[in-house]
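Protein chains in written order, with my numbering: chain V, -5 to 337; chain Y, 9 to 312; chain X, 5 to 341.
The set of hints was computed from the structure by calculation and includes no laboratory data. Incorrect hints may have been included.
As the list claims (entries may be wrong) - Ranges of calculated distance between the beta carbons of each label pair, as one might list FRET restraints:
#1 T140/X / E155/V: 34 to 40 Å
#2 W61/X / L145/Y: 51 to 57 Å
#3 P108/V / R33/Y: 15 to 21 Å
On a predicted model such as this, the values are computed, not experimentally measured, just so you know. Ideal placement from N, C-alpha and C gives every residue a C-beta, glycine not left out.
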Amino acid sequence: MSDESATRSAQLATVELRKYFSTRRALLGSAPAPVRAVDGVDIAIRRGTTLGLVGESGCGKSTLGRLVVRLLEPTAGAIRFEGHDINRIKRAEWRRLRPLIQMVFQDTQSSLDPRMTVEAAIAEPIRVNGLARGEAVYERVARLLEQVGLSISHLQRYPHELSGGQRQRVVIARALATEPELIVLDEPTSALDVSVQAQTLNLLKDIQDELGLTYLFISHNLSVIRAMSDEVAVMYLGEVVERAPAASLFRNPLHPYTRLLLLAMPQLDPLGRRPRTPIKGDVPRPDAPPSGCRFHPRCPRAEDVCQQSPPHLRELEEGHIVACNFAEEYRGAPLERMTATSE
Amino acid sequence: MAAVEAGRASEALLQERRERIRDRRRRRFRDSWYLIRSNPLTMTGFLIVVILIAVAIFAPLVAPYNPNVFDLNHIQQGPTWGHLFGTDQEGRDVFSRVLYGARISLRIASIAVVCIAGIGLPLGLIAGTFGGWVDGLIMRLADVFLAFPTLVLALAIAATLGGGIQNVIIALAVAGWAWYARLLRGVVLTIRHEAYIEAAQVSGASWSRIIRRNILPNSFAPMLVQMSQDMGYAILLTASLGFLGIGVQIPTPEWGTMISDGYDVFMNAWWVATFPGLAIMSAVLGFNLLGDGLRDILDPRSRR
Amino acid sequence: MKLSLLIARRILVTIPVLIGVTMLTFAVSHAIPGDPARAFAGPYADQATVAAIRREWGLDRPLVDQYWTYLTQLVRGNLGTSVETHDSVLHDILVRLPATLELAFFALFLMCVIGIALGIAASVWRDRFPDFLARTVAVAGAAVPSFWLGLMLQLLFFSQLKWLPVSGRLGEFTRPPHHLTGFYLIDSMLTGNWSVFADALEHLVLPGFTLALLGIAGITRMTRSSMLEVLEKDYIRAARARGITESNVVLKHALRNAMVPTVTVLGLLFGAMIGGAIIIEWVFSWPGIGTYAADAITNLDYTAVMGVTLTIAVVYLIANLLVDISYMVLNPTIREA
């Protein structure tokens, strides 16, 4: 499917989305360069599927998530949900659409009001959107609790009386309260213990199957992304550098950055065959991105051309797009090979 | 999307819910009481305040004499069983006057604190929630008022307006609101950026709802603590104004004016000034201790 | 952000506040109920006289004009003429300033020394006598009405014990030392006049202590809690493990870090002290600005009251500015804001 038609048939799509933050101006002197948190991102998610958004901290994935739920307004570009440009529609229209796009946050502790009981927290979106009144609210809350695997004994508890995993379930229940169609999950399991992570991810998958939800799954953890995603997009310094169906991306990544990320994934390998390949250098400052391809200072494959002009996203295989001048070389290459095929 | 449900929930669910809420309330009450009891300082403060309020309400019933009646036969008599705190230079019973003084002080202090909170809290709330130029404007205004030490400003205003209960309250309110505005603004600013506020926004809540349901309940605790301690401070300020003669008008028994009366005869009749001072000290102490204790009680995390 | 920039910004922000302060003072001074012209002329003067006085004082002009006159006069240093002393208010204040300053510095000294010592003692001997003493002082000191305390101390130390004097800066028959700074302690030291020094010191003790008590309570509380916090920190444990003596650990390492939050409170304490000074000076007949203000209040000398209020506000503002700047200098993390 070509990119154009993918955008058209997607439930959620962003077009050249940009978000710049201006740092505080000094008292005297000119304003410093803005932070380009999201710099020209196009993504598209088909209904009922999961798009995994992965990258290191500071790459802009969280900002993108916030833009999609309209916690932030874009500096440029458009976000289309079911064909509607959510930043330009009328207020009444947005009121209708907003409940359909919800978010699950990372920090379970601070994403729940410490003074609200579980019941109040979940009931709040129901009441705000007028989905039920009076006693019917309690029925809905009870049903939602059931759906996330909690019992009604938890209803009158406060967040600090619950475990991390339980709190996250409450956050999920709250997100489901408005009967959304798309949920943005921003590192939903990063703050949880490993054992609880698996449970929560399974729960999320079950709910998705049951309700036909679309997920925008944001994480820095590749294993989690692999487990959850149908399609994956890799971000670096505000740009998407590679996007592909999950299987395709993990089998044969074509961008050096993606390849390095995969190499860095922890492997259960008693013989220690895979050599360690750390990514050299640090993530550059977001208000001073490198020229040309933003990854070139840390890229083992970089050449002069990479510094001069930024590579565009090109579709190399079915649904697999990459922004690298040398992506073709990596087709079919084993993961360890990072530099030219002649080596 | 399902149609709006306005039906009835299952009876079992409602019943269970009611029970749990009742259990929770009972437990919270027990816990609060335990927290008060377990800390001797808080307990002391609590008792003092309770006694103070009781005295203020029941003064007419408890006081042995009319506080304003002269008795020129018994001028400046030391403490005896007939006059527990002695009499002043007009022959008035100091004990009764101290009791009635509690009424005046509490009344002024509570009205003043309500006024201060009534002005300062909304302004602080708006400044903290909306930020931007609104915040800047309100804070500059608060800065102007805060540039004066509270007592000094209250003195200046009370002196200009003249004495009397009403003017004292005005003076306290004008001198005190800025502190509250700034305080609440600070609290709101810390709450403002928490994830649960963002979550409420994503759920579609309007700002007025977020303020009402999320920001205010979470700012409540520090504000209540502050208000409790400020009751004490207001009593102190009122007494200071009274001492300098710009407070409550004579012959109304107010602790500060009583000390001022006692100042002249101090060397001969120490009791006239001493007991009102002790009363002030106890009252302020009580409110301070209670305020400190409240801080612990109101934190939902402090339960077990 | 650069330090000098931060400081400049902080100073710049003070200017509109300063103007606001003059506006507020102006507003308050015009809140006098009744007609000041009439009050000045007396109840028997006729309309024409009252009107003439009003014209002379400029009361018939629009408020904005009056404010402008007020402001321009202020900038020239004219705070008006005291109705009581018939002197310029500014002159009155300046004459009495050294007395108040001496008392204030003495109280400040007491506050810091006693407050910090108590705070340290409380944190080192936790839950034992010094701690209880400190906590009692912290709690009780904040609750005591200063004027009442002054009276009690007078009763105890003067009436009963006859140990200390209770009024004025010097005994009735003592002549002040040669005027160099206006501070009797310093002047008498500089001229070697030790009997006057002792006398002045005696007179400073009671009012100084009364004034300091509120500050002692605050500083004790803050020092104690921040010392307790700092003593838990890992770098203190590391210092002990390195073999540094306990007294060094406490006094050199812990104290330095614990003092930082206390500095922030200093500005507030200073303000509270100014307020307290008015009443305490009056109680102890201390010939400073406080007594001047208290007398002005009782005598309804509005010009003087407003003049003193404005002066106090300006001094307080500058003091807070200095505290903030020194905090910025001492604490590098603030600069990142």
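Status of the hints after comparison with the structure:
{"no.": "1", "hint": "T140/X / E155/V: 34 to 40 Å", "result": "holds, 37 Å"}
{"no.": "2", "hint": "W61/X / L145/Y: 51 to 57 Å", "result": "violated, 33 Å"}
{"no.": "3", "hint": "P108/V / R33/Y: 15 to 21 Å", "result": "holds, 18 Å"}
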